[in-house]
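Once you have looked at the hints, place chain B on chain A.
For the protein sequence lines, the chains are A and B, in the order given. Here the first sequence is numbered in my numbering, starting from 1 and rising by one per residue. Here the second sequence is numbered in my numbering, starting from 1 and rising by one per residue.
Among the chain B residues that face chain A by a calculated CB cut under 7 Å, a handful are: (1) F4; (2) P212; (3) N220.
Over 10 Å on every C-beta distance to chain A, these chain B residues come out as not near it, computed from the model: (4) N318; (5) G319; (6) S344.
Treat the hints as calculated values from the structure; they're not laboratory data. We put the CB at the ideal spot given by N, CA and C, even for glycine.
Number of protein chains: 2
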Amino acid sequence: MKNFVYHNPVKVLFGKNTINQLGSEIDQLGGPALLVYGRKKIFDNGVYQQVISSLDNHNIAYIEHSGVQPNPLLSHVHKGIEKARKYQCRVVVGIGGGSVIDSAKAIASGVETRHDIWKYFTGKKSVKQVLPIVCVPTLAGSGSEMNSGMVLTHDDKKQKFGFAHRALFPRVCLADPTATLSCPPGQTAFGAVDTLVHCLEPYFSAEILQAPFQYRFLTNVSRTSMETCLQLLATPSAYDHRATMLWTSSMALSGISTSGLGKINYPIHLLEHALSALYDIPHGAGLAAVLPGWLAYHRESLAGRFARFGEQVFEIKNGTVQDKSSQMIDRLLHFLYSIDCPLSLKELGINDKHLPEIATHCCSQARIWRMKDYNLQNVSALLDSCYLPLIQ
Amino acid sequence: MKNFVYHNPVKVLFGKNTINQLGSEIDQLGGPALLVYGRKKIFDNGVYQQVISSLDNHNIAYIEHSGVQPNPLLSHVHKGIEKARKYQCRVVVGIGGGSVIDSAKAIASGVETRHDIWKYFTGKKSVKQVLPIVCVPTLAGSGSEMNSGMVLTHDDKKQKFGFAHRALFPRVCLADPTATLSCPPGQTAFGAVDTLVHCLEPYFSAEILQAPFQYRFLTNVSRTSMETCLQLLATPSAYDHRATMLWTSSMALSGISTSGLGKINYPIHLLEHALSALYDIPHGAGLAAVLPGWLAYHRESLAGRFARFGEQVFEIKNGTVQDKSSQMIDRLLHFLYSIDCPLSLKELGINDKHLPEIATHCCSQARIWRMKDYNLQNVSALLDSCYLPLIQ
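Only chain A is shown next, with the shape it has when bound in the complex (with noise of 0.2 Å):
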């Protein structure tokens, strides 16, 4: 095992009714809040409702800045900072998915930066001071309401990165499975799957094999993350089940899982930010579609991992590694197929005159994430794999 700090200072308080503690917590934060969420769903689903109610109760002003799109623009973040500084907001709520969670911490790390806050993202500058951040999760996916990571999206330049830093942990997560029961059936599904990928990422790149504990954690996750995806898609009011995927999707980044594992890389996530750069895509449909193309590729060389994760996972028992190794890409390609996902780039619609600027985007976080074979050559062919997979 390698060295490692683990340190999740986060929060949660987790369950029904939760969200009326909102005032209260804000109160020992210190106020005014800056309120940021998307567009139509927290009225609908009554989160929003709660929110106000909580923080009027509170007697805590708040300024609200709406809109966060899927695959959030660095532009609206701009605006947001912009409000906080205008208005003297001291925290910073997200109250969505992990766009609106991601926007808001990308706000709380600018109100008190002079910079340009991509400089982040691009590694040209590091995090200092950040507002306080406190996080609502109404989808089940993304995990970002118990992690210090945010994607973003550069408007002009096309380009989705990610980035990391310890003072993004949000200090409260407020998380009611209530507020994701009205989660449309392809939102669960794709929330499944990037929890799932969450796990098959560490599973499958990680520097240390030999960690029994950390590895039986990622089987935990993917196995609940996708046995209680069908139950929800069967029974989609099951608050247990809803529990179950917002507690587990919530763990599975949490850094429990990669403690000790060594580097790991992240290449599903790698692909489908370039691919959602240049295409708005759900993030969980991108990653459904580049994994089949990525599991081919990696057909032979990642053969003993897995073939491993079929055991653990799925339980297949007979056979050499290859052939545990196809079985396996064969229950993961039938689960994400039972659960109506996209399987390939050209199923998800992307056109391949494009592969070449999604190939070119996926070289430049590559480089930033210190990925060194994910050189132009190799991300080509493997864009080459995932736009009609062979494995189908």
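Here is chain B on its own, set in the frame of chain A:
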């Protein structure tokens, strides 16, 4: 799933040579430091020298408070509190196993308090001011380095009680598995039993049964602690296994496994505390000696849970619920036997004339812990079962 709060703010620096960072960590918390430790061991394994050298490098003043014994005593904690006050210590460092870390917590919670800290344990006072706690675990098992609990024995009353409060989480944990390399076989085994029992108790008592992520987490820790214990008894100086054991035992009681499971009882710990209040026995040995009788006593009433644990942890596939439950008990006892644990109170050296006194002690703690079924009649019958269980 029940509502819950999850907030484990401990910063863990895990791995080789992390103890060298003690000075810089304490520098951020303020000094002088009270160093709490046991007797000879930390001199033999080099940990003491590492600690002092790191403190000296950062010019941190320190006072030593040595002599913590297994089943730590309130009187020794009182002396530590006096010492910390006299030398105006601003941070308390526990260097050792669970007894030492618990003593450090108790001292830290008493320095700025006027009343006797025993009032926490009897439920008469709640914690308010606690000095920052730093810990350097040298044993895997208690999990005290990553939780908010402490257990102490009242010298005169011969009561060993446990107490938990969120202010008792250590600020920093410097966990170097190297410090556990010289741990002898007995302590290694007893530590693994402690970790295992931290899983069995929620698994067999939790209010909520449908929470797949949490139950798989418990399964993970149970399997990993048992298999790693066997590996360590064969190869005591295997760093990776020591690392797995240390991190797994920290995770076992970190709050994740029990999140959302509602009310949980700790009956094996209840019984063991009563034993070691009277007899100076290692905690893990006491747990092992109680377990067979406790399992036999609940063979009928908890057959469903026992069978499920058997399926998940031991992969028992065939038979009725009763069959699987019996097989599970056999497997668990076989594990305890194979690592050379005592399997009954008699084998542990308890004199049966003390059973009534032990029963009375149990009932005192059971009242504070609100375990209604643990009245004098039931506890007496249970202790009879533990004295010479029928299932060895």
